[in-house]
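Each residue of the sequence shown is one higher than the last, beginning at 1 in my numbering.
Simulated from the structure, these hints should not be mistaken for laboratory data.
There may be inaccurate statements among the hints.
With a Cα cut of at most 30 Å, we get these calculated DSSO-like pairs of lysine-lysine [claimed, not checked]: (1) K304 x K246; (2) K177 x K46; (3) K121 x K164; (4) K304 x K267; (5) K121 x K177; (6) K472 x K521; (7) K243 x K337; (8) K46 x K81; (9) K174 x K161; (10) K617 x K631; (11) K358 x K274; (12) K589 x K472; (13) K337 x K358; (14) K304 x K243; (15) K154 x K164; (16) K521 x K544; (17) K464 x K521; (18) K243 x K161; (19) K559 x K617; (20) K559 x K545; (21) K338 x K358; (22) K464 x K337; (23) K46 x K214; (24) K465 x K617; (25) K545 x K507; (26) K617 x K507; (27) K551 x K507; (28) K214 x K161; (29) K274 x K164; (30) K464 x K338; (31) K174 x K81; (32) K428 x K631; (33) K559 x K465; (34) K338 x K246; (35) K177 x K154; (36) K164 x K246; (37) K246 x K358.
Quick list of the computed label-pair ranges, beta carbon to beta carbon [stated by the list, open to error]: (38) D109 x C291: 48 to 54 Å; (39) Q616 x S550: 41 to 47 Å; (40) A191 x D271: 16 to 22 Å.
Predicted model, so just to flag it, every value in this text is computed and none were measured.
Every residue, glycine too, gets a C-beta built ideally from N, C-alpha and C.
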Amino acid sequence: MATIGDACVNSSSTDGVALIPEPETPQQLYTPPTSPKLVASGPRHKIISEGDIQVCRLNHTRTIVSKIMNSKYLRRWESHKIILDHSEIRSATPVGFMEQAVPYSSIEDVHIVSRWDAGHKFCIRITVQDGSLLLQANNAYLRDQWLYSVQWKKHMYRYEKLLKSARRPEVLVKEIKNMIDVSLTTPIQDASVYQFPLDLVSELLQQNADVISKAAHENIIVALAPLLENNHPTQEICDFFSKHCKNSPRSSIVIELFTPVVQRILKHSMDFGKYPRMRTFVQEYLQALNCQNDGTRVVQGFIKSMHGPASTCPHPRVLPNLVAVCLAAIYNLYEEKKTAMQDNMYQSQFDSVEWESKLLCYVSMMEAMSEYNDWRYTLGSLLQPIPFPDDAIADSLFTSNMKRVIQRVASDQVCDVHQTMLGIREGKEGWFHLYCPGGIACDDDGQLWGIMLGTLIRCCCRRKKFLQGMTKMIGPVMLLALRDNVAAMETLCGMLEMEVIDNQDLKMQMITTLQSTCEGKRMYAELCDRQIALRELQQKGGPKKLTLPSKSTDNDLAKMLSSGSFGNLECLSLAFTQVTSACANELIKLPSLRYLNLWSTQFGDTGLQLISEHLQKLQVLNLCETPVTDKGLVSLA
Numbered sequence: 001m002a003t004i005g006d007a008c009v010n011s012s013s014t015d016g017v018a019l020i021p022e023p024e025t026p027q028q029l030y031t032p033p034t035s036p037k038l039v040a041s042g043p044r045h046k047i048i049s050e051g052d053i054q055v056c057r058l059n060h061t062r063t064i065v066s067k068i069m070n071s072k073y074l075r076r077w078e079s080h081k082i083i084l085d086h087s088e089i090r091s092a093t094p095v096g097f098m099e100q101a102v103p104y105s106s107i108e109d110v111h112i113v114s115r116w117d118a119g120h121k122f123c124i125r126i127t128v129q130d131g132s133l134l135l136q137a138n139n140a141y142l143r144d145q146w147l148y149s150v151q152w153k154k155h156m157y158r159y160e161k162l163l164k165s166a167r168r169p170e171v172l173v174k175e176i177k178n179m180i181d182v183s184l185t186t187p188i189q190d191a192s193v194y195q196f197p198l199d200l201v202s203e204l205l206q207q208n209a210d211v212i213s214k215a216a217h218e219n220i221i222v223a224l225a226p227l228l229e230n231n232h233p234t235q236e237i238c239d240f241f242s243k244h245c246k247n248s249p250r251s252s253i254v255i256e257l258f259t260p261v262v263q264r265i266l267k268h269s270m271d272f273g274k275y276p277r278m279r280t281f282v283q284e285y286l287q288a289l290n291c292q293n294d295g296t297r298v299v300q301g302f303i304k305s306m307h308g309p310a311s312t313c314p315h316p317r318v319l320p321n322l323v324a325v326c327l328a329a330i331y332n333l334y335e336e337k338k339t340a341m342q343d344n345m346y347q348s349q350f351d352s353v354e355w356e357s358k359l360l361c362y363v364s365m366m367e368a369m370s371e372y373n374d375w376r377y378t379l380g381s382l383l384q385p386i387p388f389p390d391d392a393i394a395d396s397l398f399t400s401n402m403k404r405v406i407q408r409v410a411s412d413q414v415c416d417v418h419q420t421m422l423g424i425r426e427g428k429e430g431w432f433h434l435y436c437p438g439g440i441a442c443d444d445d446g447q448l449w450g451i452m453l454g455t456l457i458r459c460c461c462r463r464k465k466f467l468q469g470m471t472k473m474i475g476p477v478m479l480l481a482l483r484d485n486v487a488a489m490e491t492l493c494g495m496l497e498m499e500v501i502d503n504q505d506l507k508m509q510m511i512t513t514l515q516s517t518c519e520g521k522r523m524y525a526e527l528c529d530r531q532i533a534l535r536e537l538q539q540k541g542g543p544k545k546l547t548l549p550s551k552s553t554d555n556d557l558a559k560m561l562s563s564g565s566f567g568n569l570e571c572l573s574l575a576f577t578q579v580t581s582a583c584a585n586e587l588i589k590l591p592s593l594r595y596l597n598l599w600s601t602q603f604g605d606t607g608l609q610l611i612s613e614h615l616q617k618l619q620v621l622n623l624c625e626t627p628v629t630d631k632g633l634v635s636l637a
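With the hints as constraints, model all of the structure from the sequences given.
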């Protein structure tokens, strides 16, 4: 059996690394069905649909009069606007030589009259049954353009008639190959050169779906392969390919020929909503890979090949397309299962083992996607709304296997990435709530939830707003703190420090929980020390206005505020200093602050979000020439 690695050996560096081959079944590399000799060489020409040209018609009767009239001295030329129509050559003004159109079916030959080139008459001869039609162009290039355009239109007409009337599968396959060879060798450069055979084959597949044998089925796929190197398959061809993936998943064609087609679809497709059968083909291809030896490894190898060996994937559409395929497939799987459970007749045909294998295939794909740093933010953003059916969220098989994906995203140190584990908007639950102990997806006593909590509380969520939301989960937090979870202890200390709990009994319970472990005792003792220092700082007294010298740093500000009482401080100017968002932890200790000047500092969004939650008396805030963005300004609303 051929492997995906075989199909990817010749791909460029931007197409990703070769996928992991199956060591049990090495084979030779796939050889395209079309010989290199058939590839068009030389100048390329745009197809002509209509144009102005000189026309002369010759009569082939062997009378003396006709010979005299056809001589070059008496030959008469007419100017016509010639239109190369679908089935005939005609003039926009049907008079003179072009009074009667020339059907493509009557054309016996089209060739260049090269002996006239020396006289600067660049002509082509279109031979019909009773004579010839001469077309004279202004130069050799334009003459060749007319020649190839007429030949292409004639071929299109011929193959359309021939293939639509073919009834024997072997004749159909042979003529399809011939048509594709013509498409590959013509010097015409136009979208129709590849699209016409694809559309015609699509129509033929619909008409002859019942009579095409398995062998003919594979031969047609092989014949189509060269056309699909730079073109998407039509919807009908996608159905044709999907059928082959479903009926013959271990066929060598799946890996050798379908892999580059699927890679192109994932790299260039814009909207699977408009082309659902293309998405279905990709799904069936992935399930065919899943049927190979060690299918999960083969599928994950394909995902790795789509990313490529670099640290950043060069194709921005790959990840959204892969996620769209997974989401649609998982939704369809649960719909299929629901239908089976409701229909007794269908229930007997439902294969639960196969169903679980398909589900785990798509989950393993998302697991492979989560391995790449550059993909995690987009993956987390796409999964943030929890875009799965309720049946999937209630299914322990799904939620248990999704934990590896969620853990990788939640453990990422980039704020924007791990914040995708929270709800997508205010009041909306996210993965963080789903895996909370006691939640519908938690099956590990809060181990994953503790990891998520630790990343959030140590980075961007040690803020009053987040801790206020944690009051709804105070039970699970205290439970994990009793089990020596450091993140849970840090959360309890933060809630006590920022006074987000009003209930005194609950406060005492939180303190008791902290003091029940050695690490908790240490953290609570440090909290008490900080509270004592804070009360000393906030005692009444000290200056009402304070200005720090330019080039002062965060450490200088902290040292200044630790030197005495600043409970009366109302105006603080840090303009033109070198303070950053880190100094916000010191600024929030000033309860009377009304005016804060941060002009030309490196104070950013993180610091602004923190002071907006704590400095309730602040009236004037100068942020001129700071790196604050819209994200930070939202917190002031």
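Going down the list of hints, with the structure as the test:
Of the pairs offered as hints, the one joining K304 and K246 holds, with about 24 Å between alpha carbons and a cut-off of 30 Å not exceeded. For the proposed pair K177 and K46, the alpha carbon gap of about 24 Å is at most 30 Å, so the pair holds. Between the alpha carbons of K121 and K164 the distance comes to roughly 40 Å, so the proposed pair goes past 30 Å and is violated. A threshold of 30 Å between alpha carbons decides the hint, and for K304 with K267 the separation of about 14 Å falls inside it, so the pair holds.
Distance restraint check for K121 and K177: the Cα-Cα separation of roughly 37 Å exceeds the 30 Å cut-off, and the hinted pair is therefore not satisfied. Proposed proximity of K472 and K521 is supported: the alpha carbons are some 24 Å apart, at most 30 Å. Between K243 and K337, the direct Cα distance comes to roughly 21 Å. Compliance with the 30 Å bound is thereby established for this hinted pair. Our distance criterion of 30 Å between C-alpha atoms is met by K46 and K81, whose separation comes to about 18 Å.
For the hint linking K174 to K161, the alpha-carbon distance of about 15 Å falls within 30 Å, and the restraint holds. Distance hint between K617 and K631 is fulfilled; the C-alpha atoms sit about 22 Å from each other, no more than 30 Å. Using a Cα cut-off of 30 Å, the hinted pair K358 and K274 holds, with the two alpha carbons roughly 24 Å apart. The straight-line distance between the Cα atoms of K589 and K472 is roughly 27 Å, inside the 30 Å bound, and the hint therefore holds.
For the given pair, K337 sits about 12 Å from K358 by alpha-carbon distance, which is consistent with the 30 Å threshold. Straight-line distance between C-alpha atoms of K304 and K243 comes to about 26 Å, which keeps the hinted pair within the 30 Å bound. Taking the CA atoms of K154 and K164, the gap is near 16 Å; set against the 30 Å cutoff, the hint holds. Restraint check: the Cα-Cα separation between K521 and K544 comes to about 38 Å, which exceeds 30 Å; the hinted pair is violated.
Under the criterion of a C-alpha separation no larger than 30 Å, the hint pairing K464 with K521 is consistent with the structure, at around 23 Å. Pair hint K243 plus K161 holds up; C-alpha atoms about 27 Å apart against a cutoff of 30 Å. A C-alpha spacing of about 24 Å is found between K559 and K617, which places the hinted pair at or below 30 Å, so the restraint holds. Simply put, K559 and K545 have alpha-carbon atoms about 17 Å apart, close enough for the 30 Å limit, and the pair holds.
For the suggested pair K338 and K358, the alpha carbons sit about 16 Å apart, so the restraint of at most 30 Å is met. Between the alpha carbons of K464 and K337 the distance comes to roughly 44 Å, so the proposed pair goes past 30 Å and is violated. Note on K46 and K214: the hinted pairing is violated, with a Cα-Cα distance of about 38 Å set against a maximum of 30 Å. Using a Cα cut-off of 30 Å, the hinted pair K465 and K617 holds, with the two alpha carbons roughly 18 Å apart.
Proximity of K545 to K507 is assessed by CA-CA distance (about 36 Å); at most 30 Å being required, the pair is judged violated. Between the alpha carbons of K617 and K507 the distance comes to roughly 26 Å, so the proposed pair stays at or under 30 Å and holds. Pair hint K551 plus K507 does not hold up; C-alpha atoms about 42 Å apart against a cutoff of 30 Å. Taking the CA atoms of K214 and K161, the gap is near 25 Å; set against the 30 Å cutoff, the hint holds.
Only pairs whose Cα atoms come within 30 Å are accepted, and K274 paired with K164 is accepted, the gap being roughly 28 Å. Proximity of K464 to K338 is assessed by CA-CA distance (about 43 Å); at most 30 Å being required, the pair is judged violated. Between K174 and K81 the alpha-carbon distance is near 37 Å, which puts this suggested pair outside the 30 Å criterion. Restraint check for K428 and K631: satisfied, since their Cα atoms lie roughly 19 Å apart, inside the 30 Å limit.
The straight-line distance between the Cα atoms of K559 and K465 is roughly 28 Å, inside the 30 Å bound, and the hint therefore holds. Pair hint K338 plus K246 holds up; C-alpha atoms about 22 Å apart against a cutoff of 30 Å. Annotation: proposed proximity of K177 to K154 holds, straight-line Cα distance about 17 Å (limit 30 Å). The straight-line distance between the Cα atoms of K164 and K246 is roughly 27 Å, inside the 30 Å bound, and the hint therefore holds.
About 13 Å separates the Cα atoms of K246 and K358, which keeps this hinted pair within 30 Å; it holds. The given range of 48 to 54 Å is respected by D109 and C291, whose C-beta atoms sit roughly 51 Å from each other. With their beta carbons about 29 Å apart, Q616 and S550 fall outside the hinted range of 41 to 47 Å. Range check, A191 to D271: Cβ separation about 19 Å, and the 16 to 22 Å hint holds.
In summary, the numbered hints that this structure violates are 3, 5, 16, 22, 23, 25, 27, 30, 31 and 39.
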